[in-house]
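Peer 1: Residues per chain are reported as follows:
Number of protein chains: 2
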Amino acid sequence: MATLLMPCISRFLASPHLRPALNGHGTTSDFIRVSKSINHVVPRLWARITSAQAASRAVENDLQGYWKHVYICNSGRERQVEFLPFIVEDSKIGYIHPKFLKHLRRFPEVFIVRDDVVNGMSKGWVTLHELLQTPQLRTDAIGVVLLSLEMEGLIPGWRNEHYPVVISFGGRSLFSLERAAVPFFGIKAYGVHMNGYVQVDGEKHLWVAKRSATKQTFPGMLDHLVAGGQSEGIGCKENLLKECDEEAAIPAFLAEKATAVGAVSYEQIKGEAFKRDVLFCYDLELPADFQPSNKDGEVESFELVPVAEVAEIIRTSQRYKPNCALVVIDFLFRNGYIHPDQPGYLQLLQSLRSGECQ
Amino acid sequence: MATLLMPCISRFLASPHLRPALNGHGTTSDFIRVSKSINHVVPRLWARITSAQAASRAVENDLQGYWKHVYICNSGRERQVEFLPFIVEDSKIGYIHPKFLKHLRRFPEVFIVRDDVVNGMSKGWVTLHELLQTPQLRTDAIGVVLLSLEMEGLIPGWRNEHYPVVISFGGRSLFSLERAAVPFFGIKAYGVHMNGYVQVDGEKHLWVAKRSATKQTFPGMLDHLVAGGQSEGIGCKENLLKECDEEAAIPAFLAEKATAVGAVSYEQIKGEAFKRDVLFCYDLELPADFQPSNKDGEVESFELVPVAEVAEIIRTSQRYKPNCALVVIDFLFRNGYIHPDQPGYLQLLQSLRSGECQ
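Protein sequence lines, in the order shown, are assigned to chains A and B.
Per my numbering, residue 1081 is the first one in the first sequence, and the count goes up by one each step.
Per my numbering, residue 1081 is the first one in the second sequence, and the count goes up by one each step.
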């Protein structure tokens, strides 16, 4: 699907209407209106409406503003041809860039590189040594290589978190590896992401988190309520409940009402790293008197915002962390804020699963 | 996407677990339990639970029962290679089978057939005569051809309904043609489909329609509440409101609360006909005291059924009209009745858009 969607994405991105959105980067004065009809109104931390956003309401039938988030999440995909497939048990489980591969070539007892050249084009691939027949042997051998590379500073952001490698989600693990190394092998990664909403006078409001200004990734950007990577040995719902507690202090008796609602996916290349993410989406309706609070210091504040306002923020700015914007856009699709009488509906819907979604 | 999904569908269909489901055809004794907590309980028209279904609850974590509907909707797709592309304004807008094409060859002032043979394989295509430069000229010329073929009995089920041909939904119409002819040209067709639900004691129930025993297509099968083809000159929501009135006597003030929630798609080949359908999905929450009634004689009766029971009917029988089953499966995904901790979640989710969804 990924390859076939590229012309569709390219066509939209070539649109002159989209250019201003892609060139603009949002401002700190983007508007979030806090509902006055609920009890736990917090100060208007995040600014006031801009004239640009007011003007944009005139073209609210225009879906192109949403595309910039799809574009950002899938940026660099045209460079996929530079990467060599990583093949294990006859399945293409990932992609490795030649620059990263040169480090792996130093370990021929673990990684085998085939350098076939067909019609002048490199058609090589990477696989594991034939003696590495079991998941445990592979995990151990790759683990030694990765530790060595990490000590050389070649794998930043080490997390001590083991990540299973599967052909499709829920399938048998072929081996596991340190999570920080996953993008260098172009291996699919899975996560759980949750929108928390409240019904206020019959209108849905979304809880919006503002990420801490000191957070390493996407500081100060907007986020939905809860998200987390899907590691080895834990179910999706179980993981979500854990993240609900850590990220928003949602007690288990509430969190377990979270509903699975679908998935989004994207593929992004930055330098030698190839991220191939699938995010399982959940919704949770929260009581009006519930106030989320963050335990791990990664969120500066939470605000409850009418969904239509969230839609406008996403459509007209880049204040949202891009992959979380996809999860919110999926919410907008499922709740009628984006509808088929708007031109480009199906292409945008399809684009939310631009990455291999298995 | 279509082509890439085929291995996935094939893999699931090859599963030994699925075989019994595909071979069974449901029985009239499939179970629909009528909720006792609502006022308008109708007689248990549609039968009692079978031992087979009771047994199936033991494996309710198994998603493979849903696949038979995807399979049926996409049956015959492996024969796409037999069809010649139909190209207008440099875009592939459809597919025509050689057997139907032989009739079109009699009209060289309208249809131009290119019969290139490359490496022994037919690589031909069909296009329109170069003089047919405008939508009106094309519509008129093709209309004359189709009327002629209809009089020869080659296009059954003539509807006197004009169908726009677009490259992507909402785009400029290249021409329009009689709806009955659409599958013979492999042109994408669009429809609006709506699930009607009621909250009873915090549990969602779906309105299930039983199609009339005298209906030409899929007589006696189960259906969701409202559906209709998307013709020329009407918006999706406007069309849905019209169908809500005709098919279930839902007044406009209720129907306009229907919410767009996404789309499903499939591609099916039967003989010379190639159906490429995209169905826009809507949900409508109805008040507990609303009773749908059918105006056009196409529905025998309606029953309100807990969603979990609908899920079981779909998973364990073929009583549902297949494309409507996809729309209900989409509802199950969006409402957590199918969730990521069930093996095969992502593949099934992806399969709901097996056809080109633009």
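Hints are computed from structural coordinates only; laboratory data are not their basis.
Remember, predicted model here, so these are calculated numbers, not experimental data.
Cβ atoms here follow ideal geometry from the backbone N, Cα and C, with glycine treated the same way.
It is possible that some hints are incorrect.
In silico contact screen, one side only, chain A against chain B (beta carbon under 10 Å); selected entries [said to hold, decoys possible]:
(1) Arg1185
(2) Asp1220
(3) Ser1248
(4) Phe1249
(5) Gly1251
(6) Ser1253
(7) Phe1370
(8) Tyr1417
(9) Pro1420
Peer 1: Taking the hints in turn, state whether each one holds.
Peer 2: Each hint tested on the structure:
1. The interface hint given for A:Arg1185 is violated, since its Cβ lies 31 Å from the closest Cβ of chain B, which is over the 10 Å cut-off.
2. Interface restraint check: A:Asp1220 against chain B, minimum CB-CB distance 27 Å, threshold 10 Å, status violated.
3. For A:Ser1248, the suggested interface contact is upheld, since its CB lies about 7 Å from the closest CB of chain B, less than 10 Å.
4. Residue-level restraint check for A:Phe1249 holds (minimum Cβ-Cβ distance to chain B is 5 Å; threshold 10 Å).
5. Here the hint on A:Gly1251 is kept, as its CB sits about 8 Å from the closest CB of chain B, short of 10 Å.
6. For A:Ser1253, the interface hint is violated, since its Cβ never comes within 10 Å of a Cβ in chain B; the closest pair sits about 13 Å apart.
7. Interface restraint check: A:Phe1370 against chain B, minimum CB-CB distance 18 Å, threshold 10 Å, status violated.
8. Taking 10 Å as the C-beta cut-off, the interface hint given for A:Tyr1417 holds, the closest approach to chain B being about 9 Å.
9. The interface hint given for A:Pro1420 is met, as the beta carbon of that residue sits about 4 Å from the closest beta carbon of chain B, less than 10 Å.
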